[in-house]
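Protein chains in written order, with this note's numbering: chain A, 3 to 272; chain B, 6 to 118; chain C, 597 to 893; chain D, -16 to 435.
If you're looking for bench data, these hints aren't it; they were derived computationally from the structure. Given the structure is predicted, the values throughout are model-derived calculations rather than measurements. Careful: at least some of the hints might be erroneous.
[Stated by the list, open to error] The calculated DMTMM-like cross-link candidates involving lysine to aspartate or glutamate, where the alpha carbons are at most 25 Å apart (straight line), are:
#1 D:LYS276 <-> A:GLU261
#2 D:LYS349 <-> B:GLU91
#3 D:LYS224 <-> A:GLU6
#4 D:LYS32 <-> D:ASP56
#5 C:LYS626 <-> A:ASP244
#6 D:LYS224 <-> A:GLU212
#7 D:LYS224 <-> B:GLU74
#8 A:LYS46 <-> D:GLU75
#9 D:LYS241 <-> D:GLU223
#10 B:LYS26 <-> D:ASP67
#11 D:LYS433 <-> A:ASP51
#12 A:LYS80 <-> C:GLU705
#13 D:LYS356 <-> B:GLU27
#14 D:LYS241 <-> A:GLU261
#15 D:LYS366 <-> B:GLU40
#16 D:LYS356 <-> D:GLU150
#17 B:LYS15 <-> D:GLU63
#18 D:LYS366 <-> D:GLU353
#19 C:LYS733 <-> A:GLU261
#20 D:LYS224 <-> D:GLU238
#21 D:LYS224 <-> B:GLU27
#22 D:LYS135 <-> D:GLU235
#23 A:LYS28 <-> A:GLU6
#24 D:LYS356 <-> B:GLU91
#25 B:LYS26 <-> D:ASP56
#26 B:LYS69 <-> B:GLU40
#27 B:LYS26 <-> B:ASP73
#28 D:LYS224 <-> D:ASP174
#29 D:LYS184 <-> B:ASP73
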Amino acid sequence: MHTELELTTAPEVPIEAECLSPAKIKGLSQSGIEHLAMMHGNRKVRVGDFFRVTGNGQSSLRLEGDLSRVKYIGAGMKEGEVRVNGSAGMHLGAGMSGGVIRVSGDASDWVGPEMSGGRIEVMGNAGHMVGSAYRGQRVGIMGGEILIHGNVKNELGSAMRRGLIAVGGQAGDFVGVNMRAGTIVVMGGMGIRAGAGMVRGSIISFEPVELLPTFTYSCWLRPTFLRFYLCHLGQSGFEIDDDHMGGRYRRYCGDSVEENRGEILVFDSR
Amino acid sequence: MMLIPGRSSKQGTSLNAGKLKEEYQAVTSTIEMNESTMRKLGLSAGDRVRLSCTTGKVEVECGKPRKDEDLPDGMIFIPYGPSSSELMESDTAGSGMPMSKQMMVDVECLGAK
Amino acid sequence: MRVGKTEVVDTFAEAFGMWGARVIITADTKNWARAAAQSFTGFATSVIRCKCEAAVECEISDTDTPDLRPGISVLLFAMSEKDMSARLVERIGQCVMTCPTTACYNGLENGTTVPVGQRLRFFGDGHQIAKVVGGRKFWRIPIMGGEFLVDDVFGVQPAIGGGNLLMLGRSGRTALRAASGAADAMRDVAGVFLPFPQGVVGSGSKVGSRYKGMIASTNEAYCPTLRGRVENSALPEGIAAVYEVVVNGLDENALREAMRRGIQAAAERGVDYVSAGNYGGTLGQYKFHLYELLESN
Amino acid sequence: MSETKTPEAAKDEPNIRIVEDATCTFCGCVCDDMELTVDLDANRITKAKNACVLGRAWFLQHGIEDHPQAMIDGREVPLEEAMDEAARILHEAKFPITYGLSDSPCEAQRVAVAINDLVLGNIDTTTSVCHGPSGIAFQGVGESTSTLGEVKNRADLVIYWGGNPAESHPRHFTRYTVTPKGRYIPNGKKDRYVVLIDVRKTPSAPVADQLIRVKPGRDFELLWALRALVRGRDVDPDIEKITGVSREVLDELVERMKNCNFGVLFFGMGLTMTRGRHFNSGALLALATDLNKYTHFVAKPVRGHGNVTGADNVVSWQTGYPFGVNFHRGYPRFNPGEYTTVDLLARGDADAALMIATDPASNFPKRAIEHLKKIPVISLDAKPTYTSRQARVAFMVATYGINTGGTVYRMDDVPITLRPAFDSPFPTDEEVLTGIHTRLKKLRANGRKKAA
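Pulled out of the complex, with its shape left as it was, chain A reads as follows (with noise of 0.2 Å):
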């Protein structure tokens, strides 16, 4: 069973709902759930005012529409599941430490920032900075998935610590630039610069990339480990060919201005 809210009036400006996540609407009636506070600009709205509410609170949570000026959905949510069928706005997830959020049209800039547990999956393309720090934050999203079949824009992952950030098309630049550890996965390709300021992590790319002068080459491998990720997210609905899964790829370290510790790997060939 879920609780399902489909957007019947289309905001004027941005709406800012954090209430849109299951541990917020558990438990409340529906008239419960049509009172809740959002904020539509500078204005604090209802609920009511803007979707029309199917249900009583479940842990999980449906929504319909166009929610992409709906920012901060499941933003901070520690369980539970929330579908959004259409796309959604900035900040989704933000925080999250739990439960799982699915999208199957496109999402915005911040996609899961600062997360530290749970998943997120786009079936679209995202935006910018996609499971990224905030400005002025040192380190980015402490573990969780974030896993983007479409494309996303720049710095995805910048200074993740931990966690699982998958994109099945093409990222911009910056790819997990200052992390610190953790793993990224790009299979259509990334922009420049990728892994700048990097401390430890990996970022895998199947596709050949511009590599800054302050990455080294080590060596080519089949790694082993990459065949585990591939693995699970073959389990999740990306599609990986045997050349990938057990091909190799061409190992470079850096960042040097940095410890020197992370690696990036560029698929090779079979």
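Got chain A; can you put chains B, C and D on it based on the hints?
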């Protein structure tokens, strides 16, 4: 080709006169390239040129050629103004700053004025 | 009770509690995985002197291992949780990590875990890398051959050691054929392993000895040459050899099933008697009555 | 105004006033050594001694235009009516934004913050499209800094990166960084080594001892390589192919940087506006930090507008953040890319805009300009602009530094007092903003009364 908008003292002084004045508008719709690049494109000073990219297109005038050592091949300089805005992408990559230097544009010669 | 030509003695096998782990070894080829497994399970027949018992459980095809390479599942039992960690670290470190192209994964998902990779990681001398995927943490240790992968912790669970069957034969060949046939049949059961060479023990023991410092000594009651010499001989007349099949299992049901299949296989091979070893019920927590095993079928 | 002298002139003689130590607010240098000759009858400055080419244009071309003080939809209205309308627009908006402020004195900037605090708006300054990325980098990397006075007195190695001060800040060289004699730099330029790093040979090049031409868009790679070399790490042997700068030149520069007594890195928008943005500035700041292991090294952005530095300071000390600040929830939140003006307009988030001394309609990306046309805009500017032309409410204000006093911040965060030259018939931006603020307070109070 790479378009690099920037400041110039002429743009600065004409700004004082007023943005809606002719001088400012003329300054901010004049581009500069080096001699080789202009030769390659068959352009000479005073020619009309159309710059276009995915964001928009704009017609500007070709200024006097710069020496080859002053400006790299394939680079176009234009003082900031309405023309450079027209071509500017609005995505700021989470920084607030649109990419207003280093824009990739197509150049099309429209002949002399 | 007779099964075919075989007399099944009305007795029980006495087994005792141990701790068990399942170790999945993978490698680029089946041969390297086997080589690692063979080394891993070497000198691991009996806790009495080897500190642990281990043997191959089964081979795993490359569609079913965690990294989709050919693999082998190995079971290792020891007497305590603490021992489990020490034995796994020793054997994975010395026998699996040293074997080219291998990786080593935990094969038991349950609550109790012991540190393994987190102790082996120091071999990386500071260059080791931790990875977490799907809640599972493992270590990448840089080695001369590339990288060795090992799970941070391995699951351990209470298990049962010392399940056994005794094959009594009027000829040594009959007894041995029955014993090894039984061993083959028992090995097919998931969750059990047979720690002795080919699963068969030629020198079953009793607890204690007349000599100080010997924890175990020959089981004179079942030694054919001592019939007539000792008073407690358990052998009927005409028995030329007794072979023991020892089986350990992760749980009681697996052990039961293995022993049942063992009796059946032995009977099919026409051994004279099938019996079982016990200490009068004083030593182990588990008793497997042979009749009950047959009746449960 | 103690320095101001008004000669006792006879009636037929021109009414002349000399303003000494006046301040030029055209660029971020904020030169405060101007000597202005003012013709009070003509309301003109006839001479601006010490001013550079930009400053001369700033002063000499300034006149009082015949223009209404306030207009609504292009029609002249009394100032009061325009302020009423502006207050109404801001009060009713759900997402009012304020932008600009870099050509206003701090006193006006402060009122602008207060207005946003009151209407739960969003305040951003032109910093966001100038050195905003550097602001992000300051926060992320930290800033090793000094005043221009220290640079003048101590710096023996001056590096300009991605800027062209000869054209944008003509007196930067002569007043602070290259030619002046300083306490520990007794011979001026002779005691200094000046390096210019740019993609093109700009008119600034003749001043420099060395010009390093970096391939366009490769500043980050070059900075990163320098950082690695400073730390004693090796870099890709293809470094020349990547950046256009040879290893020898890099090694020499690294040695020079490590061995100077006081080095300074000035950086311009060649870094902040190109691909990489805040990471480019951040790389440069990190390089300065790295170098402090060996010697004293500072990094300073070369700021553009007269009081853009003041805008950063005022917004920072009032809200805690330098730009891109949102008040929707009653407390300030900072997030460049979300609360910065280009983004707010291009995404269509804002529903009213207060544009103070800025002209986004001429220099913003097209998409942002298109949204600006759809929402009510209130503009305050000293000259008609593209923005004021399309504004719902347009205020014509007096020019700061020439007609009004106040405080501005030089690019090195030093506050400087303004000495106006002559009066203007137009109100100051502070007066207009205060008028709007007062009206908003009434509107809010009435709103509360109604609600109660």
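Now for the hints, and whether the structure bears them out:
1. D:LYS276 <-> A:GLU261: Holds, because 17 Å separates the two Cα atoms, which is no more than 25 Å.
2. D:LYS349 <-> B:GLU91: holds (5 Å)
3. D:LYS224 <-> A:GLU6: violated (57 Å)
4. D:LYS32 <-> D:ASP56: Distance ~41 Å between LYS32 (chain D) and ASP56 (chain D) Cα, so the pair is violated.
5. C:LYS626 <-> A:ASP244: holds (18 Å)
6. D:LYS224 <-> A:GLU212: holds (13 Å)
7. D:LYS224 <-> B:GLU74: Holds - the C-alpha atoms of GLU74 (chain B) and LYS224 (chain D) are around 18 Å apart, at most 25 Å.
8. A:LYS46 <-> D:GLU75: Status holds; Cα separation ~14 Å.
9. D:LYS241 <-> D:GLU223: holds (21 Å)
10. B:LYS26 <-> D:ASP67: With Cα atoms ~31 Å apart, LYS26 (chain B) and ASP67 (chain D) exceed 25 Å; violated.
11. D:LYS433 <-> A:ASP51: holds (22 Å)
12. A:LYS80 <-> C:GLU705: Measuring from Cα to Cα gives roughly 24 Å; hence the hint holds.
13. D:LYS356 <-> B:GLU27: Satisfied, since the Cα-Cα distance of roughly 23 Å is no more than 25 Å.
14. D:LYS241 <-> A:GLU261: holds (21 Å)
15. D:LYS366 <-> B:GLU40: Violated, at about 38 Å.
16. D:LYS356 <-> D:GLU150: Violated. LYS356 (chain D) to GLU150 (chain D) sits at ~33 Å, over the 25 Å cutoff.
17. B:LYS15 <-> D:GLU63: violated (38 Å)
18. D:LYS366 <-> D:GLU353: Within the cut-off at roughly 22 Å; holds.
19. C:LYS733 <-> A:GLU261: holds (23 Å)
20. D:LYS224 <-> D:GLU238: The given pair, whose Cα atoms are some 22 Å apart, holds under the 25 Å limit.
21. D:LYS224 <-> B:GLU27: Between LYS224 (chain D) and GLU27 (chain B) the Cα gap is close to 43 Å, so the pair fails against 25 Å, i.e. violated.
22. D:LYS135 <-> D:GLU235: holds (24 Å)
23. A:LYS28 <-> A:GLU6: Within the cut-off at roughly 12 Å; holds.
24. D:LYS356 <-> B:GLU91: holds (15 Å)
25. B:LYS26 <-> D:ASP56: holds (21 Å)
26. B:LYS69 <-> B:GLU40: At roughly 9 Å apart (the allowed maximum being 25 Å), GLU40 (chain B) and LYS69 (chain B) satisfy the hint.
27. B:LYS26 <-> B:ASP73: violated (32 Å)
28. D:LYS224 <-> D:ASP174: violated (33 Å)
29. D:LYS184 <-> B:ASP73: Cα-Cα ~10 Å, so holds.
In summary, the numbered hints that this structure violates are 3, 4, 10, 15, 16, 17, 21, 27, 28.
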